[in-house]
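Those protein sequence lines, which keep their order, are chains A and B. Those letters in the first sequence? Residues 841 to 948, by this note's numbering. Those letters in the second sequence? Residues 66 to 180, by this note's numbering.
Possibly wrong hints are sitting among the right ones.
As the list claims (entries may be wrong) - Under 7 Å between C-beta atoms, here's a sample of chain B residues computed to sit facing chain A:
(1) 144
(2) 146
(3) 168
Stated by the list, open to error - A few chain B positions that, by computed beta-carbon distances, are all more than 12 Å from chain A:
(4) 89
(5) 141
(6) 160
Calculated from the structure, these hints are not laboratory results. The C-beta atom is built at its ideal place from N, Cα and C for all residues, glycine as well.
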Amino acid sequence: RKEVEQDPGPFNVPEGATVAFNCTYSNSASQSFFWYRQDCRKEPKLLMSVYSSGNEDGRFTAQLNRASQYISLLIRDSKLSDSATYLCVVNRRDKIIFGKGTRLHILP
Amino acid sequence: EPEVTQTPSHQVTQMGQEVILRCVPISNHLYFYWYRQILGQKVEFLVSFYNNEISEKSEIFDDQFSVERPDGSNFTLKIRSTKLEDSAMYFCASSLTGTDGTEAFFGQGTRLTVV
Chain A
841 RKEVEQDPGP FNVPEGATVA FNCTYSNSAS QSFFWYRQDC RKEPKLLMSV
891 YSSGNEDGRF TAQLNRASQY ISLLIRDSKL SDSATYLCVV NRRDKIIFGK
941 GTRLHILP
Chain B
66 EPEVTQTPSH QVTQMGQEVI LRCVPISNHL YFYWYRQILG QKVEFLVSFY
116 NNEISEKSEI FDDQFSVERP DGSNFTLKIR STKLEDSAMY FCASSLTGTD
166 GTEAFFGQGT RLTVV
């Protein structure tokens, strides 16, 4: 089983729609969790950290469920500029593991 | 805003040659990482480095690879004898700590092309 698994995608959604990304991780020793965004041929950039209490940053909401080892990201009122690959990232003591990413295309 | 810088941005090398990829992590960070991303594929962990030694490495990081922090600011990845399949984007990253929710910041990458 892969250490971090994400929806394979791609997601093609109209502008203004709500998009949900799902991620599961296999190692219960994982300690911290993030969503990164990667534009084509660019470096990954931190979108937000993920906490058990949930956290929100504008149109973005992230949630962590440690019991089920599940992480989610919700984007509301999606914009054309949200088109990118979204990477679920898990930090397990000196090793940061990336999921394969889910590509999002926002359609005008 | 502090950032991780990598040089060169693009390196073309012949198969069998040695390459050194250079990174300057954020100055007060303590953990350093190398990742690679083959075109169209996922970001893969290579190695993490803390307190002047490797703290973890992946199965990709074989004897052909080595890392060094030669002078307290640079962090280098050396590939001794490059193969065609080493062609990829190589990302350096640094974080303040290795755990406790601190995120890693990535450099813009070095695109390595082995011909």
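Checklist entry - So which of the earlier hints does this model not fit? => result 1, 2 and 6
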